[in-house]
Structures are given as structure tokens and as C-alpha cells.
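**Student:** Okay, here's what each chain looks like letter by letter:
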Amino acid sequence: MTIRGGFMGRLQQEETDFRLSRVRRGSLRLIAGYVRPYIGRMVFAVLLMIISTAASLAMPLLTKLAVDGYIVPGDLGGLTLVALAYLLLGAVYWPALYGQGYLSGWVSQHVVYDMRRDMLRKVLRRSLEFHRREKVGQVMSRITNDVNNVADFVSTSLINLFNDMLTVSGIVVVMALLDLRLTLVTLLSVPVVVASLGFLARRMRQAYIHVQQEMAAVNTGVEQGVVGMKVTQSLSRESFNVEQFEMLSLRNMKANLKTAVMFASLFPVMTISNMLSVALVIGYGGSLVAGGTLTIGVILAFLGYVNRFYSPIRELSLVYNSLQAAAASLTRIGEYLEMEPDIPEPPDPEEPAEGFRGRLEIRDLDFSYDEEPILRNIRLTVEPGETLAVAGPTGAGKTTLALLLARMYDPARGEILIDGTDIRRIGNLKLRELVTLVPQETYLFPDTVRENIRYGNPAASDREVEDAAKLVQAHEFIRNLPDGYESQAGEAGALLSGGQKQLVALARAVLADPLIMILDETTAHVDALTEKKLREAMEEVSRGRTTIIIAHRFATVRNADRMALMEDGRITAVSTPSDLAQAFSKQARQ
Amino acid sequence: MKPPEQKKAGARTGGGGGGSGKAPGKGRGMEQASGPAWPILKRLSRYIRPHAGLFAATALTAVLAAAFELLPPFLIREAVDTSITGDDGGLVWLWAAGLLGVSLVQGGVDFLRLYLTALVGQKIVFRIRNDLFTHLNRLSFSFFDRAGTGDLMSRVTSDTDVLSMFFGRAGIIVLTNALFLVGVMVVLFSWNWVLGAVYAAMMPVMVLAVRIYAGRVRPAMGRVRRTLGQLGSTLQGTLAGIAAVKVFGRESFEEERFDSSSSSNLSAGIETARIQSLWMPFMNVFIGIGTGIILWVGGYGVIRGRITLGTLIAFTAYLGMLLRPVRQTGMMMNVIMRSLAASERIFEVMDTTPEIADTPGAVPLSNVEGRVEFRGVSFSYDGRNRVLEDVSLEALPGELVAVVGPSGAGKSTLVHLVPRFYDVREGSITLDGTDVRDITLDSLRGNVGIALQDVFLFDTSIRENIAYGNPGVSERKIERAARTAQIHDFIYSLPMGYGTPVGERGVRLSGGQRQRIALARVILQDPRVLILDEPTSSVDAGTERKLRDAFEVAREGRTTFVIAHRLGTVMHADRIVVLKDGRIEELGLPEGGRTAHQVLMDSGGLYSTLYSLQFIEEQAP
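Heads up: the sequence lines are chains A and B, in that order. Under our numbering, the first residue of the first sequence carries the number 1, and numbering increases by one thereafter. Under our numbering, the first residue of the second sequence carries the number 1, and numbering increases by one thereafter.
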């Protein structure tokens, strides 16, 4: 058994090949667009930043003044004034730093909020086709992680970048004004530092990606190991399982140690380069002082500036990394934000003059997934109030047909008409009122049973919710749940059996009270008594409306008005269930 | 950001709810350890022992690093006093070279220190992680029934990762920083007691500020994490139910739902930003102000001739070096707290004793015939709700026993007791007359093959999946097993044949195909007793038939238990056990030329009712 990085591994691989030049200009425009509404706050933050930087740069100057002006001459009164000036600077420095941090944090949090809202809006407007391709985890990771990356970039990296550049250039200017010779000599170490940090940063990023890949492999390994534990134990393969894991774990450790080498080098590089500058200040500055062309206070000021100089330099060398991460995230975010709804709302919705009655007509319908034809030339008419059963083997296209009828997809050719109006010309919300689909796989939201039923019609009263449950014979069992209608459904409440979930879904559909109901019969095999209940519920639901039942069991559809047999994407026969019973069972036995 | 919580696996709870035992998984997200720290630390220290030498070397580098860090201001002081303001002007470059030399050595020591700490941390965590995973492999089914996959995963991966920070960085960094901070104090006092006193007075303020910050920011960050988790689960709910959202046209409702989680995340984020931007700059400001005070106090001393200018300059140099250690120490205290909580979660799993293990006198069984007998078996998952009650049953070698009954009757539980996935509470189960608890697990499970209802295939090739139970088996045997399971033709038709990966990266298999691959896996094991749990999610009729055929061939020459949902299987059974509420309601045996099925039908009990409801369709037209 080889366990590889899987999806995560591939994702990381893509990022390794990332080049800055590939960042689309659109990405930058995108982020600018989100920051624009808060531009006033950003400008204010920048102003505060300039103030705090100035305060920070003034401190070494004060030190110089204290030493040269008062300590060396021995003026205690002047020294006291300088000390007080220090306190005053502190009083300006803190609020400026606070305001700057708070404002930029506030803006970036709002950018996050706005981006998430817009992304979700786009995602929700996409058809099931999109959701079939995109895994839930993938969408979630874009809406949460990627947006977070961008926010971090805005609030930390971008702001710091600006701050760092401001600080570095400010220091260079002040130092140059104090003494140009000493400045030039002191800055000799900068190219060395930038080059070595840049080198390390690149290596560190590669090593880090490697670590993440190995970690993803360990995660997959653990997941497989834990989920497959019962199989492993039933086949007595525990030792093999452990061996596999230890192998992954070892590789993970090696990758971590490789990164550790980089990280362990980073710190000494900083120490040594910092000290190189200090040594130059002491050596060269010292000899200038001894020569009488420099005062001791300048040396002191330079020592202060060197200290303030290196942490921005380090951050500037590393900013490229977070820029890369943010750029990759921005591209992914941009993809979502540029999406258009693929089931477009008609510009001028139509309705038949005499209102909807529920007559369904399918004309020459073709449909394909990924170029593979699924439905061919479907023609079918269902009269108001009629129940039509659709039967056929797996892969015949029954479920696809159901999805098309509810306009979850649009057909490649042909049309679907409700009372003579093409469903593409009916307003989306109106269509949802007219047609309700109960899909084969029941999904209940992580909420109470009551709210799950009410999902079909948010305006329904508690009474109406219970009436709907009664109609499908779900009321009894719901009342017997520990918290009755307030019991948690969905994943959190593993209380409900498959059949019970199906009943709740049926109640939900009943509450929506559509003119046309499409029931995709569940294939999950429930026990005989539940199955009987479900069958009865479905019959109850179909009463008084146009109903299409996708049938997997003959018993379900014995009472349908008509039955259509499907095979290979075509309708092969339409007649009464009793006429087609023979064909149904023959098909089932193939 | 944490990934969304994993779907819980194996959440089947045989009997009613109840199972409240000491299920792990609850209380995640609490960052604080609940118990006293000392026993945990003591237990963790046991993992250090094998690496004691390495650990001592690391501690030595920490001491050296702190000492070297103290040196540069010393040199600066000498440079200022003897060369710059003194007479030996020519020596100033010597002092500069000294500074660079010290930093080179210091860099080397630091590299060693950082690398060694990572090495120690990684080695220890490697051991802990493997121990934990090995232990998981010994734990029994009941443990996995209760525990969530996501929870166990995070214990094996992220909790151990936190520990690597603990062993690796936290201890050594705290040690280095503490030594440095104390070292500065000693040096300053040795120079001048006033300066030492000023420094000593500054320390409590810094510590206090760090504590205030930690105390405020931690709950705020917790709120950010919680609201983000909430946002994640809201989002997951919406996306997982996208079909329902669309069917009922509730997109805008979902947007509002998302918006309310997103808003609370927004306000938590802003609050955190506020606290951070208020307290993070504190140290910078404090050191700035501190410099002013030192200049005044020190300058006064210089003017009075009590200290040299070099001493004052060295002091300000020390002050500039304080920022990092103080901040880092605060961060590492946080790591230590999180490590304690993580260790608790790890040890909780390690302290769970396997319920199913070889008993002291267990022996392997050879030449198994396959006679299985249940004698007065009772079972309960949680010790309260009986799932099986006084079940007695016998299966002779080669017989087919069908187990039927409504869902929740205890059918799966009954067969899970044979390979000892769980142990009986009362009564006994024997294989060829030997109590299963007196047989070694390896031997028992080698002779009893089970195809579980929830098929699990590993994320690897089809070949490796089939050969999972018998590594190193020949290709020919794999193919034979696949043929018996009626899946060979399908596998052969795939472009990569048996090498085709299963799952995301490879072929997407239907339920029936997965079922048959799992069946081939069991067949390859060639067990004397075969247990088949028919899939309840039915596939279409054609696939169903293929599966049934596969079962038919597979059971030849073995004692077979089948949990049957379909008539075709039950009709030919030698014995039919009808379970209801954990008891045997009816037991059908062939009688006077009638099959077990006919006998039960004639008796007109539960079986005939179930039959008429459930199997009516297969009989239809």
C-alpha cells in the first residue's frame, strides 16, 4: 500500500511552479476594489504610520543629543529635558502605533467579510453542475483559507512592507545627515545580508512545501489507517498498518529536519550581519572619534539605528513568500468572483395568461455530461394531476431527467414546457414554487427537524409543519424522538434512520406545496415496514398534483397513472404500469 | 486555519443512544489542560530519557548561546572607554574585530542550538506519534465506534505537532532567554548597583505587560477560532445541501445564514486586532521610555564620574536586546500551555486499554472445520441496552446460515461477535468447540473472514486492495479470487487493469463493484468461516444478481453466515435465524423434505410477514 499526498500534494506542486510574473493584473485590481470603500481609514493609518516612524527615528537622535550636548559637557539640567522629551515621544509613539494597527486590522477584517459575502453569492448562483465538479472542501478552503491569506497579506505584509520601506529609507537619510562617511561604511553589510536572506528564503520555501507535502501524506495515511481500521483488524494486518505509518512518519521527520537546517541558519545570519554593522560603526566610527572628526554621540545614534534597521530588512527579504501565497490565493478568489450564474434568470419572465395548472411537456430533449450523451430525444407529456412513473436500469438517465425538469441544468437541445411556457422563460423563484424535486440522496441540514421541514416554506407556521409531517406519517416518529420536533437532524443527529430522513424530506416537499412534484425514489434499502410507509407517503404526496416518480421498485409505482420505461437515455415505452410490468421485471433481471 | 471537521466515521451505535462512556472527541478546542501539569510533565520527561545525551548537549548550547549574547556590549564598553574616549585609539579596530569574531562563534553556537532542539523534538515526536498509532491499532471496534475519525486524526497529527514545538523549541528558548535576562542583571549589578536596580525594576513591568496581553488576547483569539469554525460548519451545511437549497430556491436565505456567522467572525476579528495593536507595541514604547530613564540616571552617573560613558552605552545596548527575549518567552509560555492540553489528549488515547486482546492461555487453532456455536449469548454496547439476549445457535461445517430481521434487530452485532470484534457479555461462542476467547486473535481472524457492510477500500491499486490481507500472494491467486467474486472481467477491462488506483485519482467504482472487490479480499484469505453482510443500499437489479452469484460461488466449502435482505439468498439457506429486538424470534431448520424457508413460511410467524412485505416485489409479475 503506497499512500501518497493525494490532492494536497498536487495542490502544493502547482504552487512550487508559481512565478510572480503570472500574477494577473486583475488580481491587483481586485484587491484594490475591495480596499477602496475604506480608503479614508487606510490614509489615516498611513499618516499614523509616518508619525510613529518619525517618533521611532527621533529616539537615537535624542540619545546623541544627550551624550554630546549634556553628558559629556556635564549639563544635568539639559539631560533632564532630554529624558522628559523621551517620555513625550513615548506618549506619541504608542497611540500612533495603536491607531495604525487597529485601523489596518479593521480594514482587512472588512475586506475579508466583503470578499466572503461576494464569493458565497457567486457560488450559490452556480448550477449543480458546478457543485458536482467542485468538492465541498475545495469551495470551503477558497472561502475561508484563501480569503484569510489575502487578509493577512493586506493587514500584515502590505502594511509592514510600507512601514519597513519608510523606516529603512528614513534611517538611511538620518544617518547620512549625521555622517555620510560612517553611513556608507555601515551600509556595506546590507548587500551581503539581503543576498543571503534571499537565498535562504527561497530554500526555506521549497523545504516548507516539502514539509507540507509530507504532512499531507501523513494526514492521508492516518485517515486511511483509522477509517480502514476495522478492515485491518478483521484481516489481522495491524503490524502492516503500523509499518506503513512509521514509514510516512519517518519521511515527515526527515523533511522537518531539512527545514530545521534553514531555520537554524536564518537566526545566525541575522546575528552576524547585525554585528558586522556594529563592528563597522565601532571600528570606523571609533577611529573617526579618536581622530576628532566625529562625536561619540553619533556612534551611539548609529548603534540605535543599526538595531532598528535589521528587522525591516529581514522582513523585506521574506515578504516575497507571503506575496506568493497571497497572489496564488487571489487568483483562486478571482476565479470565483468572475463566475456568472449558469442558470440565468430570464430578462422578462413569462407566465401563461390563465395561470399555471401543472401540465408538463418535454419536447425533443437532448442532454450530455462531459460530451457523453445522457438523454436523447425525450418526448413526454404529463397532464395536470397525473402521476407518471419513470423506470429503467441504472444509468438510463432517469435522475438526469428529474434534474432537468427542476431546471438544475439546461438541456443541450429541446425544451421543457409548463403549461406551454418554456421553463427557461419562467422566473427562477417562480419556478421553484412550481416544481419541487425530492432527490434520491436525502440531505438534512444540521438544524432541528422542525426547521428542516420548514425549509420547504419559510412562511409556514408550526402547525403547518406538523400537518405536513402528519400527511407523510412522519409525525408519530418525530414526536417520539427525545426532543420531538426540536431534535437535531443532519449529521449531528445520527438519530434518524435513512427511512426517517426520507420521510422528513418528503414532509419538507409537501410543505412547499408545488404544482409539480418530482420524486426520485431512494435506492437505500430500508427495512420492509419503513419501505411500506415511504410508499404510502409518496402516494399521499402525489395526490392532487402533477407527479413524476423515478421508480426503482415496482411496488412503488403500481398505482401510477402511466409509466415510462427508459433505457440508454431514451424512452422505450409509455403505457399503464400493468401493461409494462412484464417489461419492468425483465429489465430488472438483465 | 483548521480544515473543517472530518466526517465522523463508524457512527453506528448498535443499540439505542446512551453510549456515554469516555468517548474522546468532546471538549476539543479547549486549549487549556484540565488536570495538574506536573504528572503530565513527568510522563513527557520519560520520552526525553532515551535522548538524554542529546538533550544535555542542547542545554549546553543554550547556556553558551546566552553567554555569548552577553558579550558584545562588554566589548563595546571596552572599546568606548579604552580606545574611543581613551588613549589607545589604534586598538579600536581590534575591538571591532573582536565583536565580529564573537558574533561568528555565537552564530555557530546558535545554529547548533536551534538544529539540536529541532532534532530532539522531531525524534521524540516521531516516537510518540508511532506509539500512539501503534496503540490505536490495538484498540477494539467499540473504541472506533465512539471516536470520530477527525478527532483521532488531529490527535495523531496536530497534537503531536504541538508537542514537537514543546520539546523542540519551547524549553530551550525559555531557558536561553531566562539565562540571558538574568545574565544582564548580574553584569549590570557588577558594573554599578544603581543601573542594576533600574534594570531590576523594569523586569516586573515587562513581565506584567506580557501577561496582561496574553490574558486578553487569548480569549479574543479563541473567539475568532470559534466563530470561524461556526462559519465553516454553516458553509459546509449549505454546500453539502446545495441540491436542497436549489430545489427550494433558498439561496438568499443561505446567504443570510452565512452572513450572521460571518458578522460574528468580523467583530471577533476586529476585537482581536484592537487588543493586539494596543499591547503589541507596548514593549517598543517601554524600551523607548526606558532608554530615556537610563540616559538620565546613567548620564547623571557619568557626570558625577561614578560610571564611564562606555558603561552607559553598553547598558543602552543591552536594553535594545531585551525586546526579543521578552516577547519570545511570552509566546513560548503559550506553546507550553497548549502542549499540556495536547499531551492530555494524546495520553487519553494511550491510556485506553484494548478491550479485545489475546487472553493469557490463547492458542492458535489448526485444521479448522468451521463448526460455530453460540451458547446463551447476550451482548450490549454500553452495558445497559441489551442488543442481543440469550442467543443460542449452531452452524455445522459448510452450512449456510441466513440471518434476517428488521433493522436494529442485532443482525450485524451477532456476526461481529464471531471474529471477536466485540466480546460477548454472557454466554460463549465456540469455533470447532473452542471458545473464541481461547484462540489467538491472529488465528481466529485468519479463519473467520468477514465482508463488512460498509465497504472500505484503501486509496491504492485494486491489486493491493485485494491482496491486503495476504501480502506477497501471487498474481494468479489474486485473479482467481477476483474471478470468484465476479469482478475479474470488469477489472480486466480497465485500462490499467489490476494496477488501477481506487478512488479520487483512479476509477470511480460503483457500490456493487466496491462490494465485490472487498469480497475478493476476503476470499483470498480463504477462511473456513465466511460472514457476509449484504449491502443495504441496493444497486440495480443487474448488479444485485452479480453480487448474489458471487456470494453463491464464494461460500462453497465454507460455513457461511449471511445477513440477508434478499429472497434469493435466504431461500437456499440451511438455517434461517429470524432476529427481533436481539432475540431469536424464529429459527428455521429443514424438516421432512421442506426447506428451512418453507418451514418458516408455513409457521406463519414474523418471517412470513417480512417475506410478504419485503420480497413481494421480487416475486411480482
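Warning: the hint list may mix true and false statements.
[What the hints assert, rightly or not] If you want a taste of the chain A side facing chain B, the calculated C-beta under 10 Å gives, among others: (1) 63; (2) 104; (3) 127; (4) 131; (5) 232; (6) 241; (7) 331; (8) 374; (9) 377; (10) 417; (11) 421; (12) 422; (13) 425; (14) 499.
[To be verified] Below are the DMTMM-like pairs computed for lysine to aspartate or glutamate, each with C-alpha atoms no more than 25 Å apart in a straight line: (15) B:580 with A:476; (16) A:122 with B:585; (17) A:135 with B:255; (18) B:546 with A:568; (19) A:533 with B:161; (20) A:122 with B:151; (21) A:135 with B:585; (22) A:258 with B:161; (23) A:430 with B:161; (24) B:546 with A:441; (25) A:430 with B:255; (26) A:532 with B:585; (27) A:533 with B:574; (28) A:532 with B:256.
[Stated by the list, open to error] If you want the footprint, here are the derived chain B segments under chain A, 3+ residues with CB under 8 Å: (29) 95 to 106; (30) 142 to 156; (31) 331 to 341; (32) 463 to 471; (33) 479 to 488.
Hints are computed from structural coordinates only; laboratory data are not their basis. Treat the numbers as computed from the prediction; the structure is a model and nothing was measured. Idealized CB from N, CA, C, for every residue including glycine.
**Student:** Going back to the hint list, which numbers does this structure go against?
**Tutor:** 7, 8, 9, 10, 11, 12, 13, 16, 19, 20, 21, 23, 27, 28, 31 and 33
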